[in-house]
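S.K.: Given chain A's structure and the hints, the job is docking chains B and C onto it.
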Amino acid sequence: MEGIAGRKPALIWAVHLSVVLLVVLWTLPTFGLLVSSFRDKDQLSVSGWWTSLTSTERNLVVRAPAPDDKGAQRQEGAFHVITGNVFDGGGAGAVSAFGVSSQDPSAFAVGETAVLKDGERVSVTETGDFRIEADQPMTGKRGQRLFVTVLEPPLFTLDNYRTVLLSEGIGRSFINTLTVTIPATIIPILIAAFAGYALAWMRFPGRTFLVAMVVGLIVVPLQMSLIPLLRLYTDIGIGKSYVGIWLAHTGFGLPLAIYLLRNYIKGLPKEIIESARVDGASDFEIFVKIVLPLSFPALASFAIFQFLWVWNDLLVATVFLGNNEEQLVMTGRLRELLGSRGGNWEILTASAFVSIAVPLAVFFALQRYLVRGLLAGSVK
Amino acid sequence: MEQLLVALGSMALGVGACALYFWGSNRLLDLVFPARSAHAAANIRRANLIRPWLFLGPAVIILTVYLVYPVLNSIWLSLHGRTGEEFVGLDNYVWLFGDDGFRESIRNNLLWLVVVPAASTFFGLIAAALTDRIAWGNIAKSLIFMPMAISFIGASVIWKFIYDVRAADVEQIGLLNAIVVALGGAPQAWIALPFWNNFFLMVILIWIQTGFAMVILSAALRGIPEETVEAAVLDGANPLQIFLKIKVPQIWGTIAVVWTTITILVLKVFDIVLAMTNGQWGTQVLANFMFDWMFRGLDFGRAATIALVIMALVVPIMIWNIREAQKDA
Amino acid sequence: MSSVSLKEVGKSYGRVEVLRGINLEIETGELIVFVGPSGCGKSTLLRMIAGLETITAGDLSIDDERMNDVPPAQRGIAMVFQTYALYPHMSVRDNMAFGMKIAKKPKAEIEAAVSKAARILQLEPYLDRLPKALSGGQRQRVAIGRAIVRDPKVFLFDEPLSNLDAALRVATRIEIAHLKESMPDSTMIYVTHDQVEAMTLADRIVVLNGGNIEQVGAPLELYENPRNVFVAQFIGSPAMNLLDATVTATGTQTTVGRADGPAVVVPIASQASDQARPVRLGVRPEDLVLTEAEDALIEAEVDLVEALGETTVLYLKGANGGAGTIAKLPGIHPVKKGTRVRLKADPAKLHLFDEAGISFRHR
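Each protein sequence line maps, in turn, to chains A, B and C. Per the UniProt record's numbering, the first sequence runs over residues 1 to 380. Per the UniProt record's numbering, the second sequence runs over residues 1 to 329. Per the UniProt record's numbering, the third sequence runs over residues 1 to 363.
Bound conformation, chain A alone:
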């Protein structure tokens, strides 16, 4: 296709541009989340993440030391002076303007001198040093209020992650999620591989019916199973336990697993299995020594599927696991945070990123198998 004569180069450019646009649209949301999770929480709440590389303008209100405080005031020549720095209470940046009343918080430029009603003169430098000067000793229990406009440099920090991992319980939820995910990935594969082999290569009455049943069960909405299983679990005393959720995930993942693995195993060369049979191998030996190793690609792709699905699941976990510290999984925690800390974006963004980091890593590392599995399931 590359070589067709008389093609218009403009068209090629249009294709490139459209793809760039698509890629930007599809990655920007995640990228924004990632950037935000590393931003200082005060900046995050006042400016969009796309401005994070430029300085942020913030308005600070600081109070100078009260004149009555001991040592706040000193005498320099004829003047009585109070000095300090607007960043004494924290923060950094460059002061661009200041003011002395809330009506006009940026009335004066840096370097100018504001004269107050009582004759006190106030000046602020760019670095935030301020100086209040008066001819008489100043009095008062409260210090002068200063309004400063500060250009803050971009601040990036790991604090958000420290917070969510240590104090918001995300760390604990991470382990809970792992506890759910790993067995819930391996058990269905094992069961499905045996069933897939039986449905592909063994002869017994009812095989066609079983295959049809498996295909039909793939689409059963799992909402269907929640109440009956919840009642069943309560009746037989499994309750809300890890065993319960492992088996639930196994049950929900099994139809697709059997279907995919059966298709793959059926596609293995008949001659290999027949020659092993001629060599006197039993079905169990054929399965373990020949079919299982040859099916590795299909096993891997289903494993990735099931892993992502279980890791990302919220519904099954909400229904079959408790809402307590020992059992709350990451998706559940995230949902809880969305409810309770809905406005705290520094917590939400960092938590969300912790929860999607593992699936993303798995995705990028094993994408090839994932794609292969998808194709095996959908394209005939």
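Please keep in mind that the hints were generated in silico from the structure rather than gathered at the bench. Even for Gly, the Cβ is constructed at its ideal location relative to N, Cα and C. Hints are not guaranteed to be accurate.
[To be verified] Footprint (simulated), chain B over chain C, 3 or more residues, beta carbon under 8 Å:
1. 77-86
2. 96-105
[Claimed, not checked] Every beta carbon over 12 Å from chain C, so not counted as near; a handful from chain B, in silico:
3. Leu29
4. Ala38
5. Ile44
6. Ala189
7. Phe200
8. Ile242
9. Ile246
10. Trp252
11. Thr263
12. Trp281
13. Leu298
14. Asp299
M.R.: Same frame as chain A, now just chains B and C:
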């Protein structure tokens, strides 16, 4: 840490039990019907009658308990009261069809069913067609495919951040409102905007599913014989005509598969609505509606009835799938 | 008038040059066949004429118009692909009409062109079928029909028969020959690796090898008078035998001496400078006949006999285990494996090639 050990231990135990079952049961069968004995032939025949069921046993039991039994039990539950004890006949169905929440859910679900599969397939097809023509297409594909790995709830956080709204006089930190303000508009609370908020929620699922559609359609497009495309070039078709009249008709089968797969997913979607609006502001969908009656309404009869409605909606797809599978076999 | 003209045409993919310096004039109404082993560039050359591959060097003209940068559809060509390339989702009728529909031709005109092509190719009963409901031969006829409907100046055929079974191949080959006769003004370019197709169909054959044209000529001219060893061995089956020899006498006739046989006088001129030159003496298997004479061209032990009825092919052992010679004798001969036979050939049918492989007749 301790829990991690417990987890590892139980994992080993679960997997070990599984493996032990398969190995042990087959071994037992070989001992009961030895293949090297006076009745070798008869033994092998008998063993071959039993062995498939050893292989299939766990799968059949789990499928029955976790999927077949619940379907039957749900039907039974839907005919009973809130705790499943008193028989109420069709009362739950009567209630359901008269309920405003249900009507809203059905309307929204139909909207989702039309918009999400269509948009995901459409964007997926466009992305597949475009990325197949450029050198860095695989990287682009990988990035568009990426949201597939993100949980619905994670995606909800991502998009809630985009839809974030602040008062009109302060800087917007949500991307969408920032753009609207930059263009001179007034910031909106997107997810509370009646009717349209449904579409803002759908965007999330479309964003996730486009990659899936793209990957599969891209493989299908690459499976089209190159010569048919060249023949069309010689026939004078331009790239758009080739795409619409030669390529797309040849992959209708795959488009149908992608469409139905996403349709099934849409019917089950619940996390996004739960996290974004919890069904408020007219965004209720069946799956979340059912969840509401199950956990907040604590009425198992009604919840089971709603689940059966979802099931009824997938039955046509189920039948179609089984037919297709049997055609192959 | 020259219909298709190639001047110094070349093709390279990056640094890899697959075709270089191709010069060829194709007359209107001619059926020309590109033939050569796989990888020789014949299909690439055809696709360059079609416009499916860009031309990286030289000029291509069709009817004296430079075509290098003209899109394929506007070159006045039609192509028949090896795999038929039928649109699987369209009926036979729509397949044939697609090009004209794209060009927005009036309906009546399309209908007329399609039915005419269908009549010529006896496709009328199948017009509303999908390609998958047709046999291989029928599919290939639809592909040809699609080309006819376009009413091109030049027909391009890319190995159109290779996907057919042996019997159909012969039948379709004859159909193409008839088609050519019925359209005397159409130029046809036909690519094949099968020399029988080339010999039977071509007005002229272009033998390609390694990205170069080895020889251009009428089929029998290539057979009787190959320019070099490659053409000599490529045309004719089994391939021409080559015997090592040295020139011992020059002049209007050339005498060559051989290590494992008597000296031979060949009626081909040579120059004095050729004296003592190592050469190869070529003789076609079908030019060899059995003889009793002592001074036979070849005397060797029979290694294998293939009796085909119409011919008998003898595989003879070479001297010292070297490459043996092959003889193709008409009719049935009761020669046994292991016997020694003597073979001779008409000196006029011998060929001489120098060390570079060039025929003495073409120097």
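S.K.: Please check whether the beta-carbon of Phe200(B) is more than 12 Å away from every beta-carbon in chain C.
M.R.: holds (37 Å)
S.K.: If we take the beta carbon of Ala189(B), is the closest beta carbon in chain C still more than 12 Å away?
M.R.: holds (48 Å)
S.K.: Hey, is Ile44(B) genuinely clear of chain C, shortest beta carbon separation above 12 Å?
M.R.: Its Cβ never comes within 12 Å of chain C, the nearest being 44 Å, so this holds.
S.K.: Just to make sure I understand the rule, a stretch counts as covered if three or more of its residues have a C-beta closer than 8 Å to a C-beta of the chain. Does the region 77-86 of chain C meet that for chain B?
M.R.: Result for this restraint: holds, n = 9.
S.K.: Is the Cβ of Thr263(B) farther than 12 Å from every Cβ of chain C?
M.R.: For Thr263(B), whose nearest Cβ neighbour in chain C is about 24 Å away, the distance exceeds 12 Å, so it holds.
S.K.: Is the Cβ of Leu298(B) more than 12 Å away from each Cβ in chain C?
M.R.: holds (54 Å)
S.K.: Is Trp281(B) truly not at the interface, in the sense that its beta carbon sits beyond 12 Å from all beta carbons of chain C?
M.R.: holds (45 Å)
S.K.: Decide, holds or violated, for the assertion that all CB atoms of chain C are farther than 12 Å from the CB of Asp299(B).
M.R.: Non-interface label on Asp299(B) holds, nearest chain C Cβ at 51 Å vs cutoff 12 Å.
S.K.: With d taken as the least Cβ-Cβ distance between Ile246(B) and chain C, does d exceed 12 Å?
M.R.: At roughly 6 Å from the nearest Cβ of chain C, Ile246(B) sits no farther out than 12 Å, so the non-interface label is violated.
S.K.: So is Trp252(B) really clear of chain C, every C-beta pair being over 12 Å apart?
M.R.: Violated: least Cβ distance 8 Å, not greater than 12 Å.
S.K.: At 12 Å, judged by beta carbons, does Ile242(B) keep clear of chain C as stated?
M.R.: Contrary to the label, Ile242(B) does not stay out of reach of chain C, its closest Cβ about 10 Å off (not over 12 Å).
S.K.: Can you take a look at whether the region 96-105 of chain C is actually covered by chain B? Rule is 3+ residues, C-beta closer than 8 Å.
M.R.: Answer holds; 4 residues pass the 8 Å Cβ test.
Of the numbered hints listed earlier, those contradicted by the structure are 8, 9 and 10.
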